[in-house]
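Use these hints to put chain Z onto chain A, whose structure you have.
Chains as they are written, first to last, in my numbering: chain A, 1 to 360; chain Z, 1001 to 1087.
From the structure, some residues in chain A lie toward chain Z, with a derived Cβ separation under 10 Å:
1) 272
2) 274
3) 308
4) 319
5) 326
Hints are computed from structural coordinates only; laboratory data are not their basis. Ideal Cβ placement from N, Cα and C applies to all residues, glycine included.
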Amino acid sequence: MTPAPAENTVKCVVWDLDDTLWDGTLLEGDELRVPEANRTLVRVLDEHGILQSVASRNEPGPAGEQLRGFGLDRYFLHPQLGWSAKSVALRTLLEVLNIGADSVLFVDDSEFERAEVAAALPEVRCVTREELHELVAGGRVLPRRVTADAARRREMYQAEDRRRGHQEAFQGPPEEFLSSLEMTLRVRDATEDDLDRAAELTRRTHQLNTTGITYDRDELAELVQDPGHRVMVAELDDRFGTYGTIGLAVLSTGPEWTIRLLLMSCRVMGRNVGTALIAALARTAAAHGARTVAHFRPTDRNRQMLVTYRFAGFAVTSRSEDRIVLTLPDDRVPVVPGYVRLVTEDAAAAPSRPTQEVTR
Amino acid sequence: MTVRNTPANDEITSVVREFIARLSGRPDIEDDRPLISGGVLDSLAAVQMVDFVERTFQVEVGHEDLELSNFDSVQGLADLITRRVAA
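With the rest of the complex left out, here is chain A (with noise of 0.2 Å):
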């Protein structure tokens, strides 16, 4: 076999329907069948968190029925049916899912159309459904680590277009908004299973980020064995779904408890569940009797976080050419806003038990 590259590329794959994913020409009248073969494969690039939509010149109607009828539609995100061109099909799926073309897999059994494609996106790869299979068999797509968030990728879009629909037809204030989303924020210790993603978290967050430092795999595993050291992640979720894993905190412990990085992904920009994240570590914090200090790298892009930590209450304590240190003055507590339920689960309080407390 082939080795594998250092690292499978492919984040999306897009698939014709007529003798592609199924035997036979819908528009012929052909009795359809989707091979086993294909089933399959859907089923397992959707758990390892390869998106996958579809291009086909079909009529949109009798197709998606098709795809129901099979019990296949659920796995296609946006999917392209119509008459246009499919390269134009391919670039409404690249700028829907915001993905670059060189993540994208076209499986066509037309020479024509892959021709098409590849002319109009050269950074595609188009393919026949043989090649797809060979090249999943020889290794070279599927990922070789897949995290629970990816494992949900395609939940989290369906759920984030489900949230984008409310929130266009929403008429009313921000904060009826937030409330609107029911959103839950649960704040665990991290696990070997949340490594992957939570480095991958701190190279990828710039703008909710306190101070940009990042960790690969192996220090995170590190930190959370070390006595020394708090490793903590945040989950959102809202009537809509989830949003994965959206937060880190890294903080040295003592008799202070030193917030060295906190990060939220920009999914959940606007959620203002900031405040929520910190209030938990500092009352994680104030269970082993330690006041909360953070520190803040200041970039051109991070001063929201910034303005996280002043309006829950910390004073900034000290500061130097490149770093501002911020302490939470014994007498505050971070107010949990009305909107969200903090979960907090404190793997190191005695006896181990998740502290459930409804917004106050």
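Quick look at chain Z alone, frame taken from chain A:
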């Protein structure tokens, strides 16, 4: 609307009023109405307010100014700008 007797410069207050009306999409906000704590604006708006103050009035907003009270009403923001412009 009654115009209160305030330390803030009238001209500054009216520029702030106009900005908050644009930001919130509501033209009728009283000068003392709590904006962030009252749920009219979210706290992301605070960063937009800081940018607005710095751009429009050519003053710097420091970390010591980032108190909720300075950003929670038209009045508070106008007072902050007045202090900064005078400084």
